[in-house]
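In order, the protein sequence lines correspond to chains A and B. Counted the way UniProt numbering counts, the first sequence spans residues 1 to 306. Counted the way UniProt numbering counts, the second sequence spans residues 1 to 336.
Misleading hints may appear alongside valid ones.
[Unchecked claim] For lysine to any residue, the following SDA-like pairs were computed, each having C-alpha atoms within a straight-line distance of at most 25 Å:
1. 137/B <-> 280/A
2. 137/B <-> 33/A
3. 104/A <-> 62/A
4. 137/B <-> 281/A
5. 137/B <-> 52/A
6. 104/A <-> 148/B
7. 137/B <-> 41/A
8. 104/A <-> 30/B
9. 137/B <-> 35/A
10. 104/A <-> 52/A
Hints are computed from structural coordinates only; laboratory data are not their basis. These numbers come from a predicted model, not from an experiment.
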Amino acid sequence: MSENKAPTASPRTDAESVGGAERTQLQMITRRFLRHRPAMISLVLLGVITLAAFLGPYVWTWDHLVHREIPPSVPPNADHPFGTTTAGHDVLGQLMRGTQQTLKVAFTVSVLGTVVGSLWGATAGYYGGRVDALMMRVVDVFMIVPLLVMVAAIAGSVRGGTTWYAVALIIAMFSWAQIARVVRGVVLSLREQEFVEAARAAGASPGWIIVRHLLPNAAGPIIVAATLLVAVAILLEAGMSFLNFGIQLPDISLGQMIGEARTAASTRPWLFYPPGVLLVIICLTINFIGDGLRDALDPRQTMGRR
Amino acid sequence: MLVYTVRRVLGAIPVLFLASVLTFVLIDVSGDPLSDLRMQQPPPDPSVIELQEERLYLDRSMPERYWLWMTGIGGNGDIGLLQGEFGPSTQSATYDIGENIAERLGVTLRLVTAAMVFALGLAVLSGVISAMRQYSKLDYTLTFVGFLALAMPTFWFAGIMQQAGVGFNELVGSQVFATIGDGTYQAQGLDAWGRFTNALAYMTLPTIVLMLTSFAAWSRYQRTSMLEVLNSDYVRLARAKGLPNRVVIRRHALRTALIPLTTVVAVGMAGIIDGTVLTERVFQWRGLGEFFIAAVEANDSFALMAWLMLSGTAVIVANLIADLLYGVLDPRIRFE
Numbered sequence: 001m002s003e004n005k006a007p008t009a010s011p012r013t014d015a016e017s018v019g020g021a022e023r024t025q026l027q028m029i030t031r032r033f034l035r036h037r038p039a040m041i042s043l044v045l046l047g048v049i050t051l052a053a054f055l056g057p058y059v060w061t062w063d064h065l066v067h068r069e070i071p072p073s074v075p076p077n078a079d080h081p082f083g084t085t086t087a088g089h090d091v092l093g094q095l096m097r098g099t100q101q102t103l104k105v106a107f108t109v110s111v112l113g114t115v116v117g118s119l120w121g122a123t124a125g126y127y128g129g130r131v132d133a134l135m136m137r138v139v140d141v142f143m144i145v146p147l148l149v150m151v152a153a154i155a156g157s158v159r160g161g162t163t164w165y166a167v168a169l170i171i172a173m174f175s176w177a178q179i180a181r182v183v184r185g186v187v188l189s190l191r192e193q194e195f196v197e198a199a200r201a202a203g204a205s206p207g208w209i210i211v212r213h214l215l216p217n218a219a220g221p222i223i224v225a226a227t228l229l230v231a232v233a234i235l236l237e238a239g240m241s242f243l244n245f246g247i248q249l250p251d252i253s254l255g256q257m258i259g260e261a262r263t264a265a266s267t268r269p270w271l272f273y274p275p276g277v278l279l280v281i282i283c284l285t286i287n288f289i290g291d292g293l294r295d296a297l298d299p300r301q302t303m304g305r306r
Numbered sequence: 001m002l003v004y005t006v007r008r009v010l011g012a013i014p015v016l017f018l019a020s021v022l023t024f025v026l027i028d029v030s031g032d033p034l035s036d037l038r039m040q041q042p043p044p045d046p047s048v049i050e051l052q053e054e055r056l057y058l059d060r061s062m063p064e065r066y067w068l069w070m071t072g073i074g075g076n077g078d079i080g081l082l083q084g085e086f087g088p089s090t091q092s093a094t095y096d097i098g099e100n101i102a103e104r105l106g107v108t109l110r111l112v113t114a115a116m117v118f119a120l121g122l123a124v125l126s127g128v129i130s131a132m133r134q135y136s137k138l139d140y141t142l143t144f145v146g147f148l149a150l151a152m153p154t155f156w157f158a159g160i161m162q163q164a165g166v167g168f169n170e171l172v173g174s175q176v177f178a179t180i181g182d183g184t185y186q187a188q189g190l191d192a193w194g195r196f197t198n199a200l201a202y203m204t205l206p207t208i209v210l211m212l213t214s215f216a217a218w219s220r221y222q223r224t225s226m227l228e229v230l231n232s233d234y235v236r237l238a239r240a241k242g243l244p245n246r247v248v249i250r251r252h253a254l255r256t257a258l259i260p261l262t263t264v265v266a267v268g269m270a271g272i273i274d275g276t277v278l279t280e281r282v283f284q285w286r287g288l289g290e291f292f293i294a295a296v297e298a299n300d301s302f303a304l305m306a307w308l309m310l311s312g313t314a315v316i317v318a319n320l321i322a323d324l325l326y327g328v329l330d331p332r333i334r335f336e
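Working from the sequences, and respecting the hints, build out all of it.
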C-alpha cells in the first residue's frame, strides 16, 4: 500500500564496508542487515512469536476449541494465563492458533502476490509501449478498488465458511498490483542497460531475459515489497475477520478474536487487548525488517563497491 | 490545462469500465443472492424462487445481466446505471439502493473530510519538523509513532479509543465524547451552535481513528521529501543569500516538498474508504460503511456494485485532482 515507500532514518549511515574488497555482494548485504539493530531485534522477536505459535500447541494443554472443563469468563490465572471466553475457550490456546492462521495467510499472500506481481510488472516493463499501457491499466483497476472492501465482499459471499487458504487466495488476488507497479518501474530503467542489450543480441527469448536477467536485478525492491506485503496482508486479513467475512469459527485468527471481543473490551479486557497487541507487534517487527532490508539492499550503497 | 483535464477524464472511463466488469464478474461468481431463500426450511414454493429470480434478473445470463445493469435497456425500469437506477435489492422489495446511498453519503463524507484535513495538516507539520530536526529525539519519537500507527489495526485502535472515551466521560462525570452513533438524530431541532457542539462530540473519536493511518504514512513521505529538498542546491543558495530560515522553509522548501505528497494522498484514498467501513462499524455510524456491510451480509450484489462504483469514482477523482494540483504547486510542470 501507499505507506510502503516511506524510508526511515537508519540510525547510522554505515561506513562499515571499508576494506574487504574480496567480499561478495551477498556478504555485504548480510553484514549491513545484521548491523541494523531495530531489524535484528524484530527478526528475533518475530522468530520467537512464530515458534511459539507453531510449537506452543504441542506443549500447552488446551487448543483453540470449546471444552466443557474450561470455566467460562475467567480472568487470567495460573490455569489459564490469558483467561477464558464466555463460551469456554482457553485464550492462550486461541492466541496460538490465531497467530498461526494469521501468519499462514500473510506469508501465502506475500509469496503469491509477489510472484504474480513481479511477473506482471516485469513483462509490462520489458515490452513497453502498448503492452505496457494495457497491462498497467489492469493494475490501475486493482488500485482503485478499496482492497479490504473488495476482499470482504468476495469472501462474505463464499458460503460454507472461508478457510485460511481461501482467505489467502482472495487477498492475494487483489494485492499483487502494488508489487507489479514497483517491479515495472525498476525494469523500465534496467531494460535500457547493456547487459539486456547483450542478452537480446545473443538471441535470448523475452521470457528468459525477464526471468534470468531482469527479475534478479530487481531483487532488492522486490524483496522489500514482499516483506511489506506481509504486513499489508495481516492487516487486511484482520480487517475482514473483524467484519466477520474472513476465517470462520470454530477456527480463529487474531482479527477475528478482536472482532469477537469487541463488545467486551471493558468487561473482559483480557479478550480484547492480547490479540491486538500481538497483531501490532507482528506488523511492527515486519515493518522494521523491511526497513532494514531496504537499507541493506539499497543499490546506492552497493554500486560503488561491486 | 483544459485539454489535459478532458483527456484525463476520458482516460479514466476505460479504467472505471474495466473495474466494473471485474467487480461484477467476481461478485457474480462468488455468491448466489438467493442462497438464503433456497436453503430455507421448509423449502419455499418454486414459484416464490422463480419470482425472485425474475425480479433480480437471475434468469438471464451473466453478460446479459451486466448489460442490463449498465444500460437498463430491456429491464423493468428499475435497473440501468447510466439512467441512474442501481437495480433491485435482495434486502427487501422496497429497499431503494440509490436513496439509501444518498441518505448515508453525508454521514460518511463528514467523517472522511474531517479526517483527511486533519491528517494532512498534522502530517505536513510533523514531517517538516521531523526533517528539520533530523536524528533528534523528536524525530525518533515521531518515526516510532508513525511505525506504530502503521502497524495498528484500525478497528482495534477504534475499540481502544472508544474505551478511552467512555473512561473519560466517567472521570469528568459528563458526556463529553459520544462513543456510539453518528449524532444525526440528536442534531435535529438544534440551533447552529448546538449542532456544532453535537457534531464535535460525536465526530472527535472516529475522526482521530480514521486519520491515524493516513497521518502516519503521509508524515513519513513529507519527512523524506522535505529532507531531499533541504539538501538541494537552491535551498542552499537561498540560505547563502542570507534569507531568514522561516522564509527559506516556507517559501522555498515547503512548496516543492509538498508536491510528492499530493500523489500519495490520492493513492491513499482507497485506504481511507476501507478505514471508514471499519471505523463506522465500531462507532455504529449509519453511514456508507454500514450500507456496505449490510449489502455483503444480504448477498445484495447490485447494492455492492453501486457501492464499489461510487468508491472507485472517488479514488479516480482524487487522483485527477492530485494531478491538476501538481501544476499549481510546481510551475515547472506543464500540461501538454
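How the hints compare with the structure:
{"no.": "1", "hint": "137/B <-> 280/A", "result": "holds, 23 Å"}
{"no.": "2", "hint": "137/B <-> 33/A", "result": "holds, 23 Å"}
{"no.": "3", "hint": "104/A <-> 62/A", "result": "holds, 21 Å"}
{"no.": "4", "hint": "137/B <-> 281/A", "result": "holds, 22 Å"}
{"no.": "5", "hint": "137/B <-> 52/A", "result": "violated, 34 Å"}
{"no.": "6", "hint": "104/A <-> 148/B", "result": "holds, 22 Å"}
{"no.": "7", "hint": "137/B <-> 41/A", "result": "holds, 20 Å"}
{"no.": "8", "hint": "104/A <-> 30/B", "result": "holds, 23 Å"}
{"no.": "9", "hint": "137/B <-> 35/A", "result": "holds, 21 Å"}
{"no.": "10", "hint": "104/A <-> 52/A", "result": "holds, 14 Å"}
When held up to the earlier numbered hints, the structure conflicts with hint 5 and nothing else.
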